[in-house]
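J.: Heads up: the protein sequence lines correspond to chains A and B, in order. Each residue of the first sequence is one higher than the last, beginning at 1187 in my numbering. Each residue of the second sequence is one higher than the last, beginning at 1187 in my numbering.
Hints were generated in silico from the structure; no laboratory data involved. Small disclaimer: the values here were computed from a predicted structure and weren't measured. A portion of the hints provided could be inaccurate.
Lysine-lysine pairs mimicking DSBU-like chemistry, simulated, CA-CA at most 30 angstroms apart [to be verified]:
1) Lys-1447/B with Lys-1256/A
2) Lys-1536/B with Lys-1381/A
3) Lys-1332/A with Lys-1200/B
4) Lys-1569/A with Lys-1579/A
5) Lys-1536/B with Lys-1395/A
6) Lys-1756/B with Lys-1586/B
7) Lys-1763/B with Lys-1639/B
8) Lys-1763/B with Lys-1345/A
9) Lys-1447/A with Lys-1712/B
10) Lys-1238/B with Lys-1447/A
11) Lys-1525/B with Lys-1381/A
12) Lys-1756/B with Lys-1200/A
13) Lys-1395/B with Lys-1208/A
14) Lys-1447/B with Lys-1395/A
15) Lys-1525/B with Lys-1624/B
16) Lys-1191/A with Lys-1208/A
17) Lys-1200/A with Lys-1332/B
18) Lys-1345/B with Lys-1381/A
19) Lys-1345/B with Lys-1477/A
20) Lys-1395/A with Lys-1579/B
21) Lys-1395/B with Lys-1447/A
22) Lys-1579/B with Lys-1639/B
23) Lys-1345/A with Lys-1381/B
24) Lys-1763/B with Lys-1477/B
25) Lys-1191/B with Lys-1395/A
26) Lys-1191/A with Lys-1395/B
27) Lys-1381/B with Lys-1310/B
28) Lys-1395/A with Lys-1238/B
29) Lys-1624/B with Lys-1191/A
30) Lys-1447/B with Lys-1191/A
31) Lys-1536/A with Lys-1381/B
32) Lys-1447/A with Lys-1256/B
33) Lys-1579/B with Lys-1381/A
34) Lys-1477/B with Lys-1310/A
35) Lys-1395/B with Lys-1238/A
A short list of chain A residues far from chain B (calculated; beta carbon distances all over 10 angstroms) [what the hints assert, rightly or not]:
36) Ser-1217
37) Lys-1310
38) Phe-1330
39) Lys-1345
40) Ile-1411
Every residue, glycine too, gets a C-beta built ideally from N, C-alpha and C.
There are 2 protein chains.
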Amino acid sequence: MEERKTLMRVALGKERADLVIKNGNLVNVYSGEVLPGYSIAIKGDRIAFVGKEIEHTIGSDTEVIDASGKIVAPGFIDGHFHLYMTVDQFLRHAIPRGTTTIFMELDSLALGYESVIALLENMKEQPIKLFGLAPADIASSAPFLKPVAPPLSNDDIDKLLARDDVVGLGESVWTDVIREDRWTLGNIALALTRKKVVDGHASGARGNKLIAYVASGVSSCHESITANEALERLRLGLCVMIREGSIRRDLEAVSQIRQEKVDFRHLCLSTDGLWAEDLLSLGHMDYVVQKAIDLGFEPVTAIQMATLNIAEHFGMAHSLGGIAPGKYADIIILPSLSKIKCEFVISNGKIVSKNGNLLVEPRKDIYPESMLKSIPLSPFQPKQFAVAADGEKVTVRVMKLITELITQEYQASLPIINGSVEPDLSQDILKVSVIDRKKGKLVTGFIQGIGLKSGAIACSYSWDVGSPMVVVGTSDQDMAKAINRVIELQGGLVIVDKEILVEAPSPIDGVLPSASAEEVAERSEKVKQAAKELGSLLSDPCLTLQTIPGTFLPFFRITFQGFADLRNQKLVDLIVK
Amino acid sequence: MEERKTLMRVALGKERADLVIKNGNLVNVYSGEVLPGYSIAIKGDRIAFVGKEIEHTIGSDTEVIDASGKIVAPGFIDGHFHLYMTVDQFLRHAIPRGTTTIFMELDSLALGYESVIALLENMKEQPIKLFGLAPADIASSAPFLKPVAPPLSNDDIDKLLARDDVVGLGESVWTDVIREDRWTLGNIALALTRKKVVDGHASGARGNKLIAYVASGVSSCHESITANEALERLRLGLCVMIREGSIRRDLEAVSQIRQEKVDFRHLCLSTDGLWAEDLLSLGHMDYVVQKAIDLGFEPVTAIQMATLNIAEHFGMAHSLGGIAPGKYADIIILPSLSKIKCEFVISNGKIVSKNGNLLVEPRKDIYPESMLKSIPLSPFQPKQFAVAADGEKVTVRVMKLITELITQEYQASLPIINGSVEPDLSQDILKVSVIDRKKGKLVTGFIQGIGLKSGAIACSYSWDVGSPMVVVGTSDQDMAKAINRVIELQGGLVIVDKEILVEAPSPIDGVLPSASAEEVAERSEKVKQAAKELGSLLSDPCLTLQTIPGTFLPFFRITFQGFADLRNQKLVDLIVK
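In isolation and in its complexed conformation, chain A is listed as follows (with noise of 0.2 angstroms):
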């Protein structure tokens, strides 16, 4: 309680304030209003007085920002946030944009209870607040599958949702929730027991469905792509997250909600994680603010949005989201409401940037060498992505990307050469393995769409259960050499073609690369543009990749089992009888 006594003895004049921030144009998130002409005293962490007349609180060693003319706003949360680097590699690029609070899904590195805990570890004690999400969001696969154990058990699950720092049930896919997945249904119970928050994930699910998946306890959504599915769902109780990021960017479309009479204060905004280019081309939860302004939201309605509405969410909004007295100092401060550029990022009371350099270091990111070194397997030999077959000729299912992300099932006859089922690239059909990255278990099909006309390319991750390594290639051999390459750097995505063309190295759980945010985001140009002059048409490859063993992702893919064919929900051959 000392630290509130000393605050409420700054807001009384009886103590100083250790930063003031002088006569700015006040962003009230709570009121939804600009107040001209109002200062900010700022006490350790926290913010002891919010008000016109400021001097009382002003010593000779306290720090005085003059604000005049500018926008004085409460630093950005991210709502729905997945890590694709190291947290100190995205840190530095974040803070420097506002964001002073995210709020991160934990499966980056679900690949066990101890990945998650270090995991959380790294996200301590950093110039920012980071909060985490148990993972739940890959179920135990299709129905129609056996069940595969989900990396962490329920009772893990709940061993993190017990920790301060986790302050919910990160996302449960809807699909699995209304299939009444015992391990998803045994998470959502046991954050609600906790007082939790459930974050959901209801992609395409509308009516019926998506009413039963709101029934379950889940309050928010961040998969809505139209204004009408937002509608939708602020109308059943939810709490939308706009997605704004790299894996998708629906704000355009789902902007439209503005020209509806309607509350907002259940419409949040969110990146649902960023690859390293979009981070340092375009910047984080400033540039969805902005793209929210200059859609034509009112800028205190996209402040909202990025602040207050997503500390409400979570049950925080008593210490964060708005500037206030008692709430911690995480305070930005723009040029003007249409210029969302920060030219002083506070955070827990300090500077931490101004006029976009970093002023504080975040902690580096520690793992244990067990991580490090997270795939256990030997060499692959190029005949073990063989497919056997007699005759000439055979007839085969092909998963036919119909987009980059979505398959559908389609027969195609292959030529058979000394017994072995071959690609053909006439056709454009490719050979597509996955192997389990503990056990080496491979199962090879095939796949078209990607139109490689040469070469292989490896990824040591994919939105799977255990994440499964996944390769394509025109040949054995050069399929066999990108996956050895990925299992010596221990994780990564290679390109080969005879030889190594480019590799960008994952070695932390094989999963998130330890590179800094620039040599990440070079290396992912260098693999886009070394896939294309092979022949993909892919826009970006590592996450087509990535999807291909999703059997949450329509309609046919390759998996453990075998073949998915998720239209009719059962397992097919490869090898058309």
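Let chain A serve as the given structure and place chain B on it in line with the hints.
T.: Only chain B this time, still in chain A's reference frame:
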């Protein structure tokens, strides 16, 4: 989780609802709209489905309410409430008015920890939801007085805060907070540590003092009496509970805030408690919401102020405050948006009232025997009320009522008869005594402005630490007779004029009446009438008596330590030297 599964199954048409409300005009407090043609399916105590197509949820055992042409809204919540009768008696009359949740200060019986626990037990398993707030409102009295141990220790408060049915800390008075009262700040620290709501009470505070108070961590105030005060509090991030109840009626004045273009999400309605006569004649939150609408608030805004906004303040919007899948089925049906008169009240999925008729019986209050025999005092002798002095006349300090609640010091010359200072009815100066309910300590002084021409009024409860008993009267004989009857009754208010004229017993802890609301209201009327007939000028003699020892009210008060001059913050003698 079985309950959630059942909800999902009803939404999906795999199971049937228990109760359906069909085709109403839904007040959607989330989106802030009225949506025509909406139906609601209820299973158990929760909402399973909200939408336009309802038939798939209806089975042969489903009860269906036709809401065509009606308004369907969430049940009302009282956000700040004190109890002045038994729980069951209040509920008997509040439920038909549409109240489905009450956030209750637990000070009504705050004479000790056991009393609070007994009250909490009586709040359990009622037809509507009752949540408690740990009683923090009366600190150890004015700073210049010797500290008096509050009825509950910080440890007691913490034990209460640990309970699920205690959702926060009750109102901490702002003057105690900013003077850094140890007990008060201790309570706030405990509540903040437990991440529970800290309610406030900032009557008359403004500017730096209000700001300092907010910095302490309080998050609400129900004491705004003007629109300006409400706006100042909203801008500081406080939840503003507009009070419209028996103690004060602030809604009309504060309603001017609707002309400000501000966000109303943190504006709420509350009663702060109701006397029985107001409950019976006006109603509960239905009356307040009706008045808000009549004063010009948008009906949906008024309903949000009595539902969702309150649920969000207490961090309970995940389960109550609106009509959405998964929330508790707390629903009212109204004839129109301009007529807030409940045709149906549904609480926890059960129809609890229909057209004003209660269909359930609240669970009867039970109190331990010790709480029914709580005033262990022997009868007083008239001479114990004597004020000794020498000579024929003396100048004494008098509590002068300048309103029925506000006093100031007045000096009067009074006659001395047989060594005892006498009241002087010609100046309307009566005797006033405060009496410790446990130890019998008695202090007598003088009061002006009551108006009694003969007789005495005694009351066993008042608003100060330990709830002292209070007597005012024209003679020592009548004062003794009145308080002795109060002691026989073990609590209550008694009016005497030689004989006992009226008695309104309050046998529960000497504070709460055990009689029906109707009897309590009738007795209250008789008390007012009898006092008037004896010459009383007070509109509510009981209320004025209760405030007599309250050093939190200006400016001159009688206490066990002597006479408190609150303007100069010191004790003064009764007799002016």
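J.: Evaluate each hint against the coordinates.
T.: A quick look at each hint next to the structure:
no.	hint	verdict
1	Lys-1447/B with Lys-1256/A	holds, 22 angstroms
2	Lys-1536/B with Lys-1381/A	holds, 25 angstroms
3	Lys-1332/A with Lys-1200/B	holds, 25 angstroms
4	Lys-1569/A with Lys-1579/A	holds, 19 angstroms
5	Lys-1536/B with Lys-1395/A	holds, 25 angstroms
6	Lys-1756/B with Lys-1586/B	holds, 17 angstroms
7	Lys-1763/B with Lys-1639/B	holds, 29 angstroms
8	Lys-1763/B with Lys-1345/A	violated, 71 angstroms
9	Lys-1447/A with Lys-1712/B	violated, 52 angstroms
10	Lys-1238/B with Lys-1447/A	holds, 20 angstroms
11	Lys-1525/B with Lys-1381/A	violated, 36 angstroms
12	Lys-1756/B with Lys-1200/A	holds, 23 angstroms
13	Lys-1395/B with Lys-1208/A	holds, 20 angstroms
14	Lys-1447/B with Lys-1395/A	violated, 38 angstroms
15	Lys-1525/B with Lys-1624/B	violated, 49 angstroms
16	Lys-1191/A with Lys-1208/A	holds, 23 angstroms
17	Lys-1200/A with Lys-1332/B	holds, 25 angstroms
18	Lys-1345/B with Lys-1381/A	holds, 19 angstroms
19	Lys-1345/B with Lys-1477/A	violated, 49 angstroms
20	Lys-1395/A with Lys-1579/B	violated, 87 angstroms
21	Lys-1395/B with Lys-1447/A	violated, 38 angstroms
22	Lys-1579/B with Lys-1639/B	holds, 21 angstroms
23	Lys-1345/A with Lys-1381/B	holds, 19 angstroms
24	Lys-1763/B with Lys-1477/B	violated, 53 angstroms
25	Lys-1191/B with Lys-1395/A	holds, 13 angstroms
26	Lys-1191/A with Lys-1395/B	holds, 13 angstroms
27	Lys-1381/B with Lys-1310/B	holds, 23 angstroms
28	Lys-1395/A with Lys-1238/B	holds, 14 angstroms
29	Lys-1624/B with Lys-1191/A	violated, 35 angstroms
30	Lys-1447/B with Lys-1191/A	violated, 34 angstroms
31	Lys-1536/A with Lys-1381/B	holds, 25 angstroms
32	Lys-1447/A with Lys-1256/B	holds, 22 angstroms
33	Lys-1579/B with Lys-1381/A	violated, 68 angstroms
34	Lys-1477/B with Lys-1310/A	violated, 50 angstroms
35	Lys-1395/B with Lys-1238/A	holds, 14 angstroms
36	Ser-1217	violated, 4 angstroms
37	Lys-1310	holds, 18 angstroms
38	Phe-1330	holds, 19 angstroms
39	Lys-1345	holds, 19 angstroms
40	Ile-1411	holds, 19 angstroms
The structure does not agree with the numbered hints 8, 9, 11, 14, 15, 19, 20, 21, 24, 29, 30, 33, 34, 36 stated previously, though it agrees with the rest.
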